Structures are given as structure tokens and as C-alpha cells.
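Visitor: This is what each chain is made of:
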Amino acid sequence: MPRYGMVIDLDRCTGCQACAVACKVENNVPFSSPELALEGRTIAWMQVLPFYEGEFPEARTRFMPALCNHCEIPPCVTICPTSATYLSEETGIVAQIYPRCIGCRYCAVACPYTVKFFNWFKPKWPEPMVAGLNPDVSVRPKSVIEKCTFCSHRVVKARERADGEKRKLKDGDYQTACQEVCPAKAITFGDLDDPESRVAALSKSPRAFRFGEDLGTEPKVYYLREGEWDVERER
Amino acid sequence: MGRAVFLLIAVAFLGAFLYLNVLPRFSPQPRAQPMRFSHKAHFEESTCEGCHVYVMEHGAAGTPTLENCLDCHDGLQSEKAEDQKEEEKLVVYEEEEREIPWAPFPRLASHVFFSHRRHAAVSEIECATCHEDIAESLTLPGNPPYEFTMKWCLACHEEQEASTDCVACHR
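Just so you know, the sequences run in chain order A and B. Count the first sequence with this note's numbering and you get residues 1 to 235, in order. Count the second sequence with this note's numbering and you get residues 1001 to 1171, in order.
If you're looking for bench data, these hints aren't it; they were derived computationally from the structure. These numbers come from a predicted model, not from an experiment. Each hint should be verified, as a subset may be incorrect.
The calculated label-pair distances, taken between Cβ atoms and stated as ranges, are [stated by the list, open to error]:
| hint | chain 1 | residue 1 | chain 2 | residue 2 | range |
| --- | --- | --- | --- | --- | --- |
| 1 | B | T1065 | A | S83 | 50 to 58 Å |
| 2 | A | G103 | B | V1011 | 36 to 44 Å |
| 3 | A | I102 | B | H1131 | 34 to 42 Å |
| 4 | A | K124 | B | P1024 | 46 to 54 Å |
| 5 | B | L1070 | A | P34 | 52 to 60 Å |
Backbone N, C-alpha and C fix where the C-beta goes; we use that ideal spot for every residue, glycine too.
Please construct the entire structure, taking both the sequences and the accompanying hints into account.
Guide: Quick look at the structure:
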């Protein structure tokens, strides 16, 4: 069984926010506003967090794309009273089943990465955009939690395509929206257990680390810190 | 005593009112279809994908459009008078330049994702496996002829060792 994971190269990330936009469009995530953001009501499955360093003229900004870490030991799954969120044995994805969610928000509190979002309102889009919603993803109702799913609807499509062509799923068949649009190719996605996959090789790079590793949640999203590139492996 | 009788009558009236007026609103009402369509007659001449043209390519199988019908129905071809009466409706729709107003059945819940392509084309499952004897029916059903439950889907998925991951169908 594959165990999907992601590697994000912080040395490549330019903070362009293409991943954040692509994620919103792909997954029917409603827009926010400055007022909602101040109230902490924004939904952003993928967000690029800026970190400011130094003072002018030596000032610089580092960027960190933050999304669900799809932990191997997910605190949100342990705490969910209805099994609405669960760790998929088939893919290793931590998924959210919306009609099961009762909106108790325990998982949002339990998540150390704060990447579970509550739908405080019925989502709304400007009229011309309604026809452009992704038909492969449901529009979440009010009062349920939502989160990054590693674009799990795409694994279904990729499997369908591979089965139709009577072949096995290969590395690169299943891409997430954020990975697909990243102009700097900072995001790599694939099966961490497949020794041939690029993501498995990069996750073993000396630059690799995971967010909040000391928490014991075993995240499947790896980050590559700035430093000497292992050019053979990372090209 | 008089009060008890009054109460009993009141309850009886209320019960009758609920039974006759409120309950039927919650039970599915048969939907009127624009014409008597015989799956049996069509299945003898064509295949499922002849009319449900997207069944092998898309998630939704699609209902036949007037154009699909007119591909074969060129004027009145039926032998029986009662069949000709139905066929005439096609001519009227063509003259009035409007689509056949098929009454669609309720769709799946918005969080359930089903693909005909995945089942019919990729996994090569016969239509009759799920749609039973629809090919033998002489009229269009007024109500959904089957009740597809998750338990029923899962029984087959487990038997065929297909995915039983929740996100395979619920997203």
C-alpha cells in the first residue's frame, strides 16, 4: 500500500502563493476577507507563512508553506468522536468525511499544526465563479471541519486512468494541485515507501526535517532547509 | 366522561389528518415521464451506451437527448398504433424545437461520488449487475427502481477487493 507524503524545499520556495491559490480553486475553498481573517475565520488549507529576519538594509523574509502534515500518529484522529477524520490505510492520507463531522472542533484544538478549519458560515462565491467550482469535490456545508486532503480526489482519478490503461500507478501519476502549479518546483509529492520515487529520495536528504518533530506525530510532510544541495539527488 | 370522548375524537381526527395529508408528502411520489419508453424494445435493437451515451466516458451516464433519438427514429417506424402515438411525440418535440423533458430521479447525495466510467468501462462490470432487469422493462419507472445503499456498495467492493477507503466515494 502506498504511503503518500510531500517534500517542500524551502530553499526553492519564493513565497509566490501560487500553491495557496491553486489549493483554494481545486478544493472549492471559499474566499476570506480582512474582517474574517481578524476574527480567525479564514479557511486556508495551504498557506505560505512569512518569517521576517533582520533589519533594513539586511532584512529578509523566509517562507514556509504550511498544510496538513498527514501525521502517521494524528492527534485529530485520536480525538474525533465520530471517526469523521481518519488515517487511510490505503493511502496514508488523513481524510475528513464531512457528513460524519458533527462540528465539535475537538480536532481543530488537538491539531498542533493548526491546519483544521471550521466552516463558520455557508460558503459563498461570486456568481460567475459558481459554475467553475470543482465537480470532484463537494462544497462543504456550514458547521463542519475541513482540511487538506492531499487532493485525494486526484488519487481516485489517477487510479481510474491507470486501471483503464491496465498498468500500475507510477510516480508522478498522482499530483496535488499545489505541486502542479509551483513554478519553482519546490513541492514534490509521491509515495514515501516507493524506493524509486523522488519524494522518498528527497525525504532522506541531509537537509530534510519535519515540523514539530519532537511532538511524536510522525508527519508525512518534510521540509528541506537552506543549505548545500545534494545535486545528484535533487535535480 | 364527555371530556374523554371528546379527546378521543380529537385524537382520531388529528391522526386521520396526519395520515391523509402530511404522511404522503414524505413518501416519494411517482414522477410522470413524458413518454412510455420501453427499455426492452430498445435493448433488442441497440445497447445501453447507444442511448446513455456517456456511460463509458463520464461519471454520469446521461439521458438521451432528442438528437440521440432522432438518429434512429426517422419519421414513424413503429408498427403498432399505440407505439406510433409515442413516436409522434418525438416529431412534436422536433417541431417545437425543445428537448424531451425527462423527469430525472433524485441524484446521489452531494458528498457521494460515483463514476459510471470507473465501473462500466474500466472495471468492465455489466450494467445489469446494478441495474438488474431494467433492460426487460416495458415502461419507464415512475420512482427510482432501486435503492442503492452504502452497505450494498460495500458488499461488492469487499467481494471484488475494490477500494473500501471512505475517500474513494466520499469527498
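Visitor: All hints are to be evaluated individually against the structure, with a verdict given for each.
Guide: Hints versus structure:
no.: 1; hint: T1065/B - S83/A: 50 to 58 Å; in the structure: 43 Å, violated
no.: 2; hint: G103/A - V1011/B: 36 to 44 Å; in the structure: 39 Å, holds
no.: 3; hint: I102/A - H1131/B: 34 to 42 Å; in the structure: 35 Å, holds
no.: 4; hint: K124/A - P1024/B: 46 to 54 Å; in the structure: 36 Å, violated
no.: 5; hint: L1070/B - P34/A: 52 to 60 Å; in the structure: 56 Å, holds
Comparing the model with each earlier hint shows violations of hints 1 and 4; every other hint is respected.
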